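Trainee: Work out the full structure, taking the sequences as your base and the hints as a guide.
Here are the chains, one letter per residue:
Protein chains: 4
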Amino acid sequence: MGQVVAEVTVVPLGTGSASLSGYVAEIERVLKAFPRLKSMLTPMSTILEGEMDEVVEAVKAMHEAPFRMGAMRVSTTLRIDDRRDKKITMAGKLNAVREKL
Amino acid sequence: MGQVVAEVTVVPLGTGSASLSGYVAEIERVLKAFPRLKSMLTPMSTILEGEMDEVVEAVKAMHEAPFRMGAMRVSTTLRIDDRRDKKITMAGKLNAVREKL
Amino acid sequence: MGQVVAEVTVVPLGTGSASLSGYVAEIERVLKAFPRLKSMLTPMSTILEGEMDEVVEAVKAMHEAPFRMGAMRVSTTLRIDDRRDKKITMAGKLNAVREKL
Amino acid sequence: MGQVVAEVTVVPLGTGSASLSGYVAEIERVLKAFPRLKSMLTPMSTILEGEMDEVVEAVKAMHEAPFRMGAMRVSTTLRIDDRRDKKITMAGKLNAVREKL
Chain A
0 MGQVVAEVTV VPLGTGSASL SGYVAEIERV LKAFPRLKSM LTPMSTILEG EMDEVVEAVK
60 AMHEAPFRMG AMRVSTTLRI DDRRDKKITM AGKLNAVREK L
Chain B
0 MGQVVAEVTV VPLGTGSASL SGYVAEIERV LKAFPRLKSM LTPMSTILEG EMDEVVEAVK
60 AMHEAPFRMG AMRVSTTLRI DDRRDKKITM AGKLNAVREK L
Chain C
0 MGQVVAEVTV VPLGTGSASL SGYVAEIERV LKAFPRLKSM LTPMSTILEG EMDEVVEAVK
60 AMHEAPFRMG AMRVSTTLRI DDRRDKKITM AGKLNAVREK L
Chain D
0 MGQVVAEVTV VPLGTGSASL SGYVAEIERV LKAFPRLKSM LTPMSTILEG EMDEVVEAVK
60 AMHEAPFRMG AMRVSTTLRI DDRRDKKITM AGKLNAVREK L
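Chains as they are written, first to last, in numbering that gives the first Met the number 0: chain A, 0 to 100; chain B, 0 to 100; chain C, 0 to 100; chain D, 0 to 100.
Source of the hints: derived by calculation from the structure; they are not laboratory data.
Values in this document were obtained by computation on a predicted structure and should not be read as measured data.
Some clues are possibly wrong.
Just so you know, same-sequence chains aren't split out, so a pair can sit in one copy or run between any two.
To be verified - Here are the simulated SDA-like cross-link-like pairs (lysine to any residue), alpha carbons at most 25 Å apart as the crow flies:
1. 59 - 10
2. 37 - 50
3. 37 - 69
4. 99 - 51
5. 99 - 41
6. 99 - 56
7. 31 - 41
8. 99 - 34
9. 37 - 1
10. 59 - 1
11. 59 - 18
12. 37 - 52
13. 31 - 84
14. 31 - 99
15. 31 - 85
16. 86 - 40
17. 86 - 10
18. 37 - 2
19. 85 - 53
20. 37 - 91
21. 37 - 71
22. 59 - 69
23. 99 - 25
24. 31 - 87
25. 85 - 100
26. 37 - 63
27. 59 - 32
Mentor: Structure, rendered in C-alpha cells:
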C-alpha cells in the first residue's frame, strides 16, 4: 500500500455543548505525533496525505482524543482516496481541477 | 431553516478513467448559478455556506453535472452542519479551532 | 430526476447523553409523512428508495426532528446513489450482490 | 479499544461500467478471513461489529479487493460508532430504536 489522501472527521456525541472546537483542537494536536503526514484543516474535516498505514494509525489516535477529554461516544468518519496509476497528493488533486476551470 | 455549512462530494461511477478532475471542474462551474453561496474547494470535497434551501438546490444541480457529461451513475454525499444557538460560518468554525491551538 | 436509493444519518450534537435512540425513533416517525418512500432502518443509518425530490424533502424533515426535541446542533449526512442506465432499487442492489456470492 | 459498530463502503472508480455488484461481492468474500466480525450487507454499505483493531484490518483488506480485480482507484469510506459507557452491538442499536417506535 502506498500514498493516499484521506479525509477524517471525529465527532464526540452527547457532550452537553453544541460547541466542538475544543475537541477538534485536541484532535489536531494528536497529529503532531505523525510528522510524516501532511494535514489540512477545513471547516468540515481534517485532510491527511501520507502512507496508508500511517494515516490509519493517525486516525486511530485522533479517534481516542475525545474519550480522553471525557466523551463517552465518538463517531469517526474516514474517507480514503487511493489511486495506483499515479501518485496522489492534496496539491495535485486541487491543481488538476484548477487547470480545468 | 437558516444558514448551514455543508460538505459535498459528487463522484461519477464507471466512467472508464481514474481521473475525475474534469467532472469536478464542471461541478464547480455549476456553483456560479448560486452567487449567494460561499464555496471552498478542498482536495476531497466542496464546502458550501448559505441558506439550507439554497444549499440543497445547489447540490441537486451539482449532482446532475456528471450525467450531462455522459456518466450513467453518480454517487453524491452531502453532510450538513446546522447550528441554531449561534450563526455558523466556515470562517467561524476554523477560527474557533485555531484560537484553541 | 428519477428514482434513487439514498442513505441518511441524522445526528444531534451536544445533547448531554450518549444515547441517541430516542432521536432516531423520532426521525423514523417523520417518514410516515412520506408514504411513497420505501425505507429500511439499519444499525448505522436509514436507507430510502424513491424519487429524488421526495427523498430530499424527507431528509429535510428528518433533519428538523432533533431540533424540535431540543437539540441545538444537528449533523445530517445524505448519500445518494443515482443510476440512469437501469432502475435502481434497494432489493435490486442486494440481489445483484447475492447472485454473485 | 473495545467493540465498535462500523459502516464500510468500498467503491472502485473509473471501472468502465455502472455496475459494481461484482466488486461488492468480492469485498464481501474478503470478510470470510475475519470470522470474529459480525457483518450485515445493506443496499448502501457493509456494517461490521467487532473489536476496533480487527475492524480496521478488515477494512484495509476490503479496500484492496477492487485493486486485485483491476481497478486503478478506490474510494473507501469507514464510519465508526464507538461507545464506552455500554457495550455497542448492531442488534442493541436496532432494538433501542424499535422499543421507542
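Trainee: Take the hints in turn and mark each one as holding or not.
Mentor: Structure-based check of all given hints:
1. Both within a single protomer and between protomers do residue 59 and residue 10 lie at most 25 Å apart by alpha-carbon distance, with minima of 13 Å and 21 Å respectively.
2. Proximity of residue 37 and residue 50 under a CA criterion of 25 Å is satisfied intra-copy only: 10 Å inside one chain copy versus 28 Å between copies.
3. When the C-alpha separation of residue 37 and residue 69 is checked against a cutoff of 25 Å, the pair qualifies neither within a copy, at 28 Å, nor between copies, at 28 Å.
4. In this homomeric assembly, residue 99 and residue 51 never come within 25 Å of each other (Cα to Cα): the closest approach is 28 Å inside a single copy and 29 Å across copies.
5. When the C-alpha separation of residue 99 and residue 41 is checked against a cutoff of 25 Å, the pair qualifies both within a copy, at 23 Å, and between copies, at 15 Å.
6. Taking the closest pair of Cα atoms, residue 99 and residue 56 come within 25 Å of each other only across two copies (24 Å); inside a single copy the shortest separation is 35 Å, beyond that limit.
7. Proximity of residue 31 to residue 41 under the C-alpha cut-off of 25 Å is found in both arrangements, the shortest distances being 17 Å within a copy and 22 Å between copies.
8. In this assembly of identical chains, the alpha carbons of residue 99 and residue 34 lie at most 25 Å apart only when taken from different copies (20 Å versus 32 Å within one copy).
9. Taking the closest pair of Cα atoms, residue 37 and residue 1 come within 25 Å of each other only inside a single copy of the chain (14 Å); across copies the shortest separation is 29 Å, beyond that limit.
10. For a Cα distance limit of 25 Å, the shortest separation of residue 59 from residue 1 qualifies both inside one copy, at 18 Å, and across copies, at 12 Å.
11. Taking the shortest Cα distances, residue 59 and residue 18 sit within 25 Å of each other both inside one copy (23 Å) and across copies (23 Å).
12. For a Cα distance limit of 25 Å, the shortest separation of residue 37 from residue 52 qualifies both inside one copy, at 14 Å, and across copies, at 24 Å.
13. In the homo-oligomer, the alpha carbons of residue 31 and residue 84 never lie at most 25 Å apart, since the shortest distance is 30 Å inside one protomer and 29 Å across protomers.
14. In this assembly of identical chains, the alpha carbons of residue 31 and residue 99 lie at most 25 Å apart only when taken from different copies (15 Å versus 35 Å within one copy).
15. Taking identical chains as interchangeable, the C-alpha atoms of residue 31 and residue 85 are never at most 25 Å apart, the minima being 28 Å within one chain and 31 Å between chains.
16. Taking the closest pair of Cα atoms, residue 86 and residue 40 come within 25 Å of each other both inside a single copy (22 Å) and across two copies (20 Å).
17. For the homomeric pair residue 86 and residue 10, the shortest alpha-carbon distance between copies (19 Å) is at most 25 Å, but the shortest distance inside one copy (30 Å) is not.
18. Only within a single protomer do residue 37 and residue 2 lie at most 25 Å apart by alpha-carbon distance; the minimum there is 11 Å, versus 30 Å between protomers.
19. Taking the shortest alpha-carbon separations for residue 85 and residue 53, only the intra-copy value of 19 Å comes in at or below 25 Å, while the best inter-copy value is 30 Å.
20. Taking CA atoms no more than 25 Å apart as the test, residue 37 paired with residue 91 passes in both settings, with 13 Å inside one copy and 23 Å between copies.
21. Proximity of residue 37 to residue 71 under the C-alpha cut-off of 25 Å is restricted to the inter-copy arrangement: shortest distance 23 Å between copies versus 29 Å within a copy.
22. In the homo-oligomer, the alpha carbons of residue 59 and residue 69 lie at most 25 Å apart inside one protomer (17 Å), although the nearest pairing across protomers, at 29 Å, exceeds that limit.
23. Taking CA atoms no more than 25 Å apart as the test, residue 99 paired with residue 25 passes between copies only; the shortest distance there is 9 Å, against 37 Å inside one copy.
24. In the homo-oligomer, the alpha carbons of residue 31 and residue 87 lie at most 25 Å apart inside one protomer (22 Å), although the nearest pairing across protomers, at 28 Å, exceeds that limit.
25. Taking identical chains as interchangeable, the C-alpha atoms of residue 85 and residue 100 lie at most 25 Å apart only when both belong to the same chain, with a minimum of 22 Å there against 32 Å between chains.
26. Both within a single protomer and between protomers do residue 37 and residue 63 lie at most 25 Å apart by alpha-carbon distance, with minima of 20 Å and 23 Å respectively.
27. For the homomeric pair residue 59 and residue 32, the shortest alpha-carbon distances inside one copy (12 Å) and between copies (22 Å) are both at most 25 Å.
The earlier numbered hints that this structure contradicts are 3, 4, 13, 15.
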